[in-house]
Amino acid sequence: MIRRAWAVARKDMLIEYHSRVALNQVIPFALAVLLTFGFALDTRDQLLAEIAPGLFWVVVLFSSLYLIARSFRVERENAAMEGLVLYGIDPMAIFLGKLAALAVQMLVLEAVAAAGIVILFNPPVGSLGLLAISALAATLAIGSIGLVYGALSSSEHSGESLLPLLVIPVLAPIVISAAKCWSDAESAGAGIYDPWLKIVSIFGAVFLAVGAAGFGPAMED
Amino acid sequence: MIRRAWAVARKDMLIEYHSRVALNQVIPFALAVLLTFGFALDTRDQLLAEIAPGLFWVVVLFSSLYLIARSFRVERENAAMEGLVLYGIDPMAIFLGKLAALAVQMLVLEAVAAAGIVILFNPPVGSLGLLAISALAATLAIGSIGLVYGALSSSEHSGESLLPLLVIPVLAPIVISAAKCWSDAESAGAGIYDPWLKIVSIFGAVFLAVGAAGFGPAMED
Amino acid sequence: MPADDSVSFSSVTVTLAGFPALLNLSLEVAAGETVYLRGPNGAGKTTLLRTLAGLEKATRGSARVLGVGLPGGERSLRALAGMMGTRSHLYEDLTVAENLDLARRLLAVSSSRIDDAAELFGVRGRLWRQKVASLSAGQKRRVALAGLVAKNPRLWLLDEPHSSLDAAGRDLLDKLIAEATKRGAIAFVATHEAEAGRAGGRVVEMVGGTVRPAASGGGGDSGPEGLE
Amino acid sequence: MPADDSVSFSSVTVTLAGFPALLNLSLEVAAGETVYLRGPNGAGKTTLLRTLAGLEKATRGSARVLGVGLPGGERSLRALAGMMGTRSHLYEDLTVAENLDLARRLLAVSSSRIDDAAELFGVRGRLWRQKVASLSAGQKRRVALAGLVAKNPRLWLLDEPHSSLDAAGRDLLDKLIAEATKRGAIAFVATHEAEAGRAGGRVVEMVGGTVRPAASGGGGDSGPEGLE
Amino acid sequence: MTSTLVRKAVGVTSLVLVAATVVMGLFVTPPDVVQGNLARLLYVHPPVAWVAYLAYGVTSIASGLYLWRPTRSLKWDRIAVASAEVGVVFTGLTLVTGSIWGRPAWGVWWTWDARLTSTAILFVLYLGYLALRRIPLSAETRAKRSAVAALIAFIDVPIVHESVVWWRTLHQGATVATLGANTKVHGIMAWTLLLGFVAFTMVYIWMAMLRYRVETMAAEIESTQLEAWEAERMAEAGAPDAAIGRLLESGARAPKEVPADQGATPK
Ligand code: HEM
Ligand SMILES: Nc1ncnc2c1ncn2[C@@H]1O[C@H](COP(=O)(O)OP(=O)(O)OP(=O)(O)O)[C@@H](O)[C@H]1O
Ligand SMILES: Nc1ncnc2c1ncn2[C@@H]1O[C@H](COP(=O)(O)OP(=O)(O)OP(=O)(O)O)[C@@H](O)[C@H]1O
Ligand SMILES: [Mg+2]
Ligand SMILES: [Mg+2]
Chain A
751 MIRRAWAVAR KDMLIEYHSR VALNQVIPFA LAVLLTFGFA LDTRDQLLAE
801 IAPGLFWVVV LFSSLYLIAR SFRVERENAA MEGLVLYGID PMAIFLGKLA
851 ALAVQMLVLE AVAAAGIVIL FNPPVGSLGL LAISALAATL AIGSIGLVYG
901 ALSSSEHSGE SLLPLLVIPV LAPIVISAAK CWSDAESAGA GIYDPWLKIV
951 SIFGAVFLAV GAAGFGPAME D
Chain B
751 MIRRAWAVAR KDMLIEYHSR VALNQVIPFA LAVLLTFGFA LDTRDQLLAE
801 IAPGLFWVVV LFSSLYLIAR SFRVERENAA MEGLVLYGID PMAIFLGKLA
851 ALAVQMLVLE AVAAAGIVIL FNPPVGSLGL LAISALAATL AIGSIGLVYG
901 ALSSSEHSGE SLLPLLVIPV LAPIVISAAK CWSDAESAGA GIYDPWLKIV
951 SIFGAVFLAV GAAGFGPAME D
Chain C
11 MPADDSVSFS SVTVTLAGFP ALLNLSLEVA AGETVYLRGP NGAGKTTLLR
61 TLAGLEKATR GSARVLGVGL PGGERSLRAL AGMMGTRSHL YEDLTVAENL
111 DLARRLLAVS SSRIDDAAEL FGVRGRLWRQ KVASLSAGQK RRVALAGLVA
161 KNPRLWLLDE PHSSLDAAGR DLLDKLIAEA TKRGAIAFVA THEAEAGRAG
211 GRVVEMVGGT VRPAASGGGG DSGPEGLE
Chain D
11 MPADDSVSFS SVTVTLAGFP ALLNLSLEVA AGETVYLRGP NGAGKTTLLR
61 TLAGLEKATR GSARVLGVGL PGGERSLRAL AGMMGTRSHL YEDLTVAENL
111 DLARRLLAVS SSRIDDAAEL FGVRGRLWRQ KVASLSAGQK RRVALAGLVA
161 KNPRLWLLDE PHSSLDAAGR DLLDKLIAEA TKRGAIAFVA THEAEAGRAG
211 GRVVEMVGGT VRPAASGGGG DSGPEGLE
Chain E
143 MTSTLVRKAV GVTSLVLVAA TVVMGLFVTP PDVVQGNLAR LLYVHPPVAW
193 VAYLAYGVTS IASGLYLWRP TRSLKWDRIA VASAEVGVVF TGLTLVTGSI
243 WGRPAWGVWW TWDARLTSTA ILFVLYLGYL ALRRIPLSAE TRAKRSAVAA
293 LIAFIDVPIV HESVVWWRTL HQGATVATLG ANTKVHGIMA WTLLLGFVAF
343 TMVYIWMAML RYRVETMAAE IESTQLEAWE AERMAEAGAP DAAIGRLLES
393 GARAPKEVPA DQGATPK
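Chains as they are written, first to last, in this note's numbering: chain A, 751 to 971; chain B, 751 to 971; chain C, 11 to 238; chain D, 11 to 238; chain E, 143 to 409.
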């Protein structure tokens with residue numbers, strides 16, 4: 751199963767390598783959104799610095815939605831997902847493979863967006879370790895839930911704009927907790943015993959489990 | 751030409767009638783985003799009321815991106831746009847038809863989102879007329895530019911997440927001006943001589959013209 | 011002007027993403043002719059049809075199609091041509107009736123004409139109010155053909171028109187083409203069927219993006235051992 | 011156990027969005043048989059193939075396919091079946107080589123096997139490093155068939171396999187099917203070609219979601235006047 | 143027949159109980175010391191919120207029963223959607239009554255309190271669930287997919303409930319559950335609250351039954367449709383190619399209907 755999951759992940763990475771959708775489209779999009787926000791919301795630096803953590807996660811969530819949609823669009827084009835299914839492989843392998851490829855893209859996105867936020871909005875950055883762990887947990891949660899709902903809402907027609915509607919309310923708590931995590935990270939005292947980190951990690955684990963359990967039934971109708 | 755534009759608009763409205771993508775997917779999505787924002791950004795009411803106009807237009811812009819993407823997805827499915835082109839109709843008719851259908855959907859979206867914003871964020875609402883005119887101008891601008899870039903980025907593959915990247919920087923000024931318009935509308939004195947309204951209207955007219963001029967070349971490669 | 015009814019390509023090259031899908035292709039077709047395009051996969055048949063429809067642009071060379079000069083007159087050509095490719099041009103979320111109603115509005119023809127065309131291809135019954143998304147491959151094809159017949163173009167461009175159609179449908183389509191060409195239309199039919207052209211019409215063998223010199227006779231499409 | 015090589019449907023009904031695409035279909039096929047499915051558009055041929063592939067579920071009735079019980083055994087059936095429908099299952103953004111490499115990894119076969127299959131269908135040359143998006147219809151079909159041959163399934167499910175293929179390709183495919191069935195595989199071929207089954211194999215006429223009672227003889231797919 | 147009777151009985155009972163709640167709430171119970179008559183919303187707002195939980199709970203259980211193979215039946219799917227739809231209505235009522243209460247109590251219609259926000263998110267979540275159900279799919283596929291979605295969506299219910307504890311909030315904490323040690327809610331007020339809860343639960347059951355009836359009727363229509371189609375398919379099988387054959391026999395009609403001079407001309 752690991753071998754097959756790897757084959758799926760490799761394929762998704764190759765598609766990204768050829769099409770550069772994440773690199774040339776989604777990441778610049780995230781930066782464009784950050785800039786627009788900076789302008790549209792207000793121009794008072796103090797305020798922007800304060801809302802920066804929340805903004806970061808909101809932007810990451812939105813951009814990830816495009817990555818998730820893309821991840822399913824390539825499967826839909828020539829009914830390619832049906833092709834995968836016809837190899838008789840376990841849905842879990844497809845889930846893990848797609849999640850791995852998605853998580854890699856999301857982590858790159860997060861790194862760039864974080865750099866953008868820090869440069870543009872100048873929020874204090876405290877414990878990097880805390881940030882990294884919370885980001886990893888949130889990434890897995892967003893990826894898992896995104897894939898499950900992507901599978902749930904994937905139909906030949908009219909499914910694509912359903913994904914954000916389904917995903918955002920479910921992920922709202924984790925995005926908020928992750929933002930709080932960043933806010934906490936600013937205060938020097940915070941460490942890996944931060945309560946928000948605990949919440950994010952629990953959410954991460956739960957959503958990963960939910961994703962792994964739900965993807966199969968969602969996909970194989 | 752008007753007859754053909756109407757036929758195109760009618761078709762897009764019928765598709766919406768059958769699939770309810772705008773109504774059941776995009777509009778609730780906008781509400782979900784408002785909620786997430788309100789929660790993720792901060793919890794001080796005063797602040798939220800201040801940024802509400804900006805938030806409104808950001809949310810409208812993002813949701814509209816889904817409407818625009820959808821508007822092109824239905825054309826791509828069986829190369830339907832090619833079919834339209836093969837009737838030998840003027841691209842202008844396609845542009846006007848699609849813009850009309852899109853604008854109707856966007857206006858409904860804006861009405862719902864505005865109601866949500868007013869209830870949730872409690873910003874002062876001043877001159878309704880000013881708001882309505884600026885919203886109309888901004889809608890036409892967003893719709894026109896969205897359609898042109900939609901046509902530009904509509905390739906068989908990997909075009910869908912390019913649209914937001916292209917559109918957002920171009921529309922940033924109008925979104926900001928429309929937000930300022932709202933802020934101005936709050937002060938009772940403002941009327942239709944508001945300078946921001948002038949800017950929004952000019953942008954609206956210019957982008958509409960740019961759209962009408964650019965759609966043909968963008969579509970007919 | 012008689013030249014207005016004919017098709018004439020002189021050394022047309024069409025490059026797609028840098029690849030010469032058509033290469034120095036020259037061809038003369040008179041009014042009323044049916045041309046069967048044959049040749050191995052990748053020979054350029056589809057590209058030729060798309061060029062004739064005004065959907066691809068000639069990169070080199072020039073052509074005159076029904077009095078329209080190429081490159082340049084693509085848009086006016088599109089109105090004259092009726093194309094039936096591998097993609098159906100239908101809206102999956104609309105019903106059969108709504109799809110054909112759109113065609114009626116865009117063609118500005120009477121609705122009885124649309125009804126007749128739909129009747130002809132047997133899509134007026136249960137299917138009429140079904141979404142296209144729920145049709146079988148051949149049923150979709152029939153809807154698309156109904157639209158084409160309603161347009162009644164002067165230039166029929168058919169890419170493997172028989173695919174997905176059942177025998178009755180194939181028969182019907184062949185008759186329609188024969189009737190249309192009898193009235194002066196020109197038909198291009200890309201096909202891999204061995205029997206194409208047996209009943210009349212000209213067979214043009216394509217290979218490598220151009221017309222194979224007549225010398226080698228038939229059998230250009232058949233593999234090493236020939237079919238049948 | 012000999013029953014494990016055969017296909018047996020008893021009164022299978024498959025509803026798609028509430029429509030009985032297959033209706034009380036019963037069918038027995040023995041190992042090594044080639045079954046040509048014929049019948050008018052909408053008869054249910056594609057649905058039967060998809061059910062055999064484990065892609066649609068029987069709503070009523072039951073079936074046994076290569077020892078797997080339906081409904082219920084869909085997933086294990088998928089691994090045994092090789093399906094070639096109207097959609098190619100290829101990733102347009104990957105090259106031919108990469109698509110087939112994915113197949114190799116998922117099938118866990120040797121890469122020489124993939125190379126041979128690609129060679130056989132003539133997609134190892136210029137096309138090998140091309141993205142699938144830039145191939146012609148028939149070329150895509152050839153890539154998909156190469157993957158199918160590499161899988162070498164026990165159950166071949168081919169939906170209009172000749173469409174888009176040139177004569178050489180058709181010939182090759184026919185040979186491969188003959189070879190596979192000779193070794194005990196079962197092949198189902200949905201086709202509208204009049205000559206299907208002439209060279210051997212069983213012709214099953216479908217209509218209205220079921221097998222047409224044998225009484226009426228051949229010609230069920232042909233229109234009143236027959237083709238040819 | 144009996145089910146119609148039951149439905150009617152439940153309907154009447156629920157109306158009577160709601161009327162009783164109104165009477166008790168408005169006229170019998172005393173006004174609150176701090177909030178005055180506003181506090182009377184106590185008999186509506188919490189019960190409505192709890193009934194929403196209840197509705198989603200039923201949806202989740204029904205969804206789980208659908209997903210579990212031994213009990214898989216479309217009946218559960220119908221119960222799930224019926225209950226979810228009523229749940230959305232009650233969540234909407236929670237939001238509305240809460241807002242009405244919040245205006246005088248807190249001075250605003252809305253504030254970014256954790257409980258309020260999570261309740262609104264709950265509302266959107268199930269709107270998403272209902273939107274998912276509108277994707278054209280076969281009944282089984284739809285049931286399966288929406289069951290998965292329903293189970294995930296339910297995660298938000300405990301979050302709403304615990305939100306007052308997890309986030310320090312403006313909203314009332316658990317007042318009622320700790321009734322014994324409570325000084326705010328007592329005596330007649332507690333009884334009225336209980337009555338309100340029973341009344342709105344009955345309303346829920348009534349609405350869910352009506353909704354379930356609509357679903358079963360839709361399923362029945364679908365099955366009659368299926369029968370009609372089966373008959374049609376059988377006729378097709380009996381009279382092969384009838385439609386097409388008839389058309390072709392009517393001879394040269396096809397070309398006659400396609401006059402060459404008509405059709406598209408360039409503009
Ligand atoms: C839009 C605004 C509001 C919303 C969305 C809302 C939502 C809710 C919800 C979901 C519950 C059930 C909590 C649970 O037991 O898990 C609840 C209970 C309750 N609400 Fe609200 N509420 C709102 C405004 C208010 C206001 C303004 C008040 C009074 C000042 C209030 C007082 C109460 C009380 C007393 C309970 C019962 C608490 C308990 O005993 O558990 N609510 N509300
Ligand atoms: N998703 C669907 N919803 C409703 N009806 C459907 C759906 N898919 C197929 N059908 C119907 O089921 C019937 C059988 O379809 P199927 O695709 O199996 O036919 P077929 O024999 O392959 O036809 P063709 O020769 O046109 O390919 C058709 O009448 C079709 O309209
Ligand atoms: N977008 C593209 N980019 C690069 N090459 C292309 C593109 N589209 C087509 N080609 C190449 O152009 C050639 C001609 O393609 P075309 O589709 O016209 O062939 P065809 O004769 O219709 O083949 P088939 O019988 O397979 O349908 C093929 O070799 C194909 O690989
Ligand atoms: Mg071709
Ligand atoms: Mg079929």
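Watch out, some of these pointers could steer you wrong.
Unchecked claim - List of simulated lysine-lysine pairs, DSBU-like, C-alpha gap at most 30 Å:
# : chain 1 : residue 1 : chain 2 : residue 2
1 : E       : K150      : C       : K141
2 : E       : K150      : E       : K217
3 : C       : K67       : D       : K141
4 : C       : K141      : D       : K67
5 : D       : K192      : D       : K141
As the list claims (entries may be wrong) - Heads up, incomplete: computed chain C residues facing chain D, CB under 7 Å, no partners named:
#  : residue
6  : S36
7  : E38
8  : S146
9  : T201
10 : H202
11 : A206
Think of the hints as simulated: they come from the structure by calculation, not from any bench.
We put the beta carbon where it would ideally sit given N, CA and C, even for glycine.
message: Checking each numbered hint in turn, tell me which of them this model violates, lowest number first.
response: Hints 1, 5, 6, 7, 9, 11 are the ones this structure does not satisfy, whereas the remaining hints hold.
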